[in-house]
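A.B. asks: Take these sequences, add in the hints, and give me the full structure.
Listed in order, the protein sequences are those of chains G and B.
All letters in the first sequence, in the order written, are residues 82 to 551 by my numbering.
All letters in the second sequence, in the order written, are residues 378 to 662 by my numbering.
None of these hints come from the bench; they were simulated from the model.
There's no promise every hint is true.
[As the list claims (entries may be wrong)] In the SDA-like style, the derived pairs of lysine to any residue whose C-alpha atoms are separated by at most 20 Å in a straight line are:
no.	chain 1	residue 1	chain 2	residue 2
1	B	K449	B	A496
2	B	K449	G	K280
3	G	K280	B	E416
4	G	K369	B	R639
5	G	K339	B	E642
6	G	K339	B	A573
7	B	K449	G	K339
8	B	K433	G	V307
9	G	K339	B	C643
The residues making up each chain are set out below.
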Amino acid sequence: MTNELKPKERMAIDRVKMPEQSPRRRIGNFEEVNQGLTEEQAIQEAKRCLLCKSRPCVAGCPVRVRIPDFIAALAEGDLPEAARILLADNTLPAVCGRVCPQETQCEQVCVRGAKGAPVAIGYLERFVADWALAHPDKLHKEILPAPTGKKVAIVGSGPAGLTMAGELARKGHAVTLFEALHDTGGVLRYGIPEFRLPKRIVDIEVKRLQDIGVQIECNVVVGKTVTLDELRQEFDAVFIGNGAGLPVMLNIDGENLKGVYSANEYLTRVNLMAAWRDDVPTPIIRGKRVAVIGGGNTAMDAVRTSRRLGAERSIIVYRRTEVEMPARVEEIHHAKEEGIEFLLLAAPLEILGDEKGWVKGLLCQRMQLGEPDASGRRRPVPIEGDTFVLDVDVVVNAVGTRANPLLTATAPDLKLNKWGNIETDERGATSLPGVFAGGDIVRGGATVILAMGDGKMAAQAIDEYLKQQN
Amino acid sequence: MFEVLSNDILAPNVHRMVIRAPRIARVRKPGQFVIVRVEEGGERIPLTIGDADIAKGTITLFIQAVGLTSLKLVGTPVGNHLRDVAGPLGQPTHIRKWGRVVCIGGGLGTAVLYPMARALPAAGNEVTTIIGGRSAPFIILEQELSVFSRQVLVTTEDGSLGRKGFVTDALRELIDDPQRCPQAVIAIGPVPMMRAVAELTRPYGIETIVSLNPIMIDGTGMCGGCRVVVGGETRFACVDGPEFDGHLVDFDLLSNRLAMYREDECRMLEQLPDELRARIVQVKR
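C.D. replies: If you want it as structure tokens, here you go:
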């Protein structure tokens, strides 16, 4: 049996490499960069797992996937069992296997990684999840509990809301998801580009939720179309997972010139509205020289998108150094391979325009690193008088997002913190009985997997709350 | 999916559509809008809610066909469905008792104006309405507006209906008449018209409200594509507006940003069949 391999034999196997589209080819399309493992590669990689007793990887995963268990089944070639274990713990495994920062979560604490590379947990999760998507007929049939008769409304169909929906439906509650946009997924749909997360994956994951009875209503803007109070009257509990979709503006001159985008607008046009295609009516300005301001994953997504839209120069403008960048190492690496330029220790001072109101340049201030700030990162300090102009025709602002006040402005009793995020206890309960919240609306802009972790945890709390209501 | 219940032609390329949207009908207030996507793969466009019937669960939209999407929209026959209608969005009109109010509508702006103007008398206002257009066929809703207006003045650029000239000519006469000088003006129409009205009322200190029509995508405040500058501050028209103090709006910026995708719009128009394109070009002139 595979799982009777000796530790020494497991340690002797090299970590698998993810097959990728070549940089030259992929900058000409929006197809996925990572091509996924073959079954052979996946089983080989699974054998690297030491199946250790301490299982730190499980604690390192915000949704607590039983990682050694699904990997053990995979190593045996028992894909239906691997899928059963994975799907029981994670509502969106094909998404997580693609966008989670495993290097700072499950893989960071992998025992196998103490000597050599950690097990490629993310790649294996993706492999098993993709296999499950492709072979629905071979999956173990899911048995749902009898309906409890309780109704739960979920506001927002992003990662937190989708996870919540899956968890509650599997506990027998009647779930309705309300989404403001015309399609589901939140940031999975409008934010993360096709070349990192194909939209058909989101479609299939959402379909799986509908198959277990989750109702989805798009075009419902909670706070406008219906209020939180109305939802509270109609449902036994409400979960708010409407994210942090309000762009932080740069507040510099020239920000309203033609050719200046928030990353949210730029990515929404390209991802949700498919503006990269020639046969859709939603337009986008395809700059020849594009500057993207920021150093997070959103900045990497935007700058790599601009390259695929045909930019000759795509430039990251970031006020600290690469070490401080919040973006995933893999994304930075991919960006560099694609010819993205990194202009570090530079901060935007003004966006310059021509006589017709179009962007023609970005005035930048050179910075140096000073003392560490509250976040522990060294603070960027301007070098007096050292400025320069970058010759660009599109500027994308990816410096961050805040809580969108659209819902909270119409729910005066809901307690917020000073940044406008909803205050909750450690289990997601808000100041209003029966109302729970999680994801970016509570945390501020964070990651997909943290939002999913919040959704999973709050689902437990909601389930207990509903039982108390009997 | 949102069923089209009626679809009437009011003027060349201007349609009035009634759509089944019970949730929106129930809560919408004058001044608010919806975002519509006609079909799968289509773009999202903002449209003012002209009217609503709570009992029937319907809303009324006024649409001017100016490009690919609006052409497809007005071409949707009764009984068919629009893929997506989201709303109501934006802030409702803040209706107060001003006293004498002059409501000014230019082109399709007359339809945007209609729900606001109709709500004014109930708040104790006396309404005088001015409708302007290029020529007689473009004057819409005169009858409907006259129901609650003390007077409806019509101006056309070519003099084919009402007085020859611009809405500002009619407004100036009212301002000059102490018996009729308004305490507030609400002006909705093309940017040059709203700007001209705001410039006319500014020296008199007459409160002037305009409804802005920047480019929008989501309409819920998540992208800032619709940003406008009012009183030196950047505001998102979809959540902070669409109505603002006309004396504080940066109209240059608005018209500049409205032209951002002109090339793409022309390219989309070129893809239309000749007959449809001719229809648009003729009206746009």
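A.B. asks: Any hints from earlier that this structure breaks? Give me their numbers in increasing order, please.
C.D. replies: 1, 2, 6, 7
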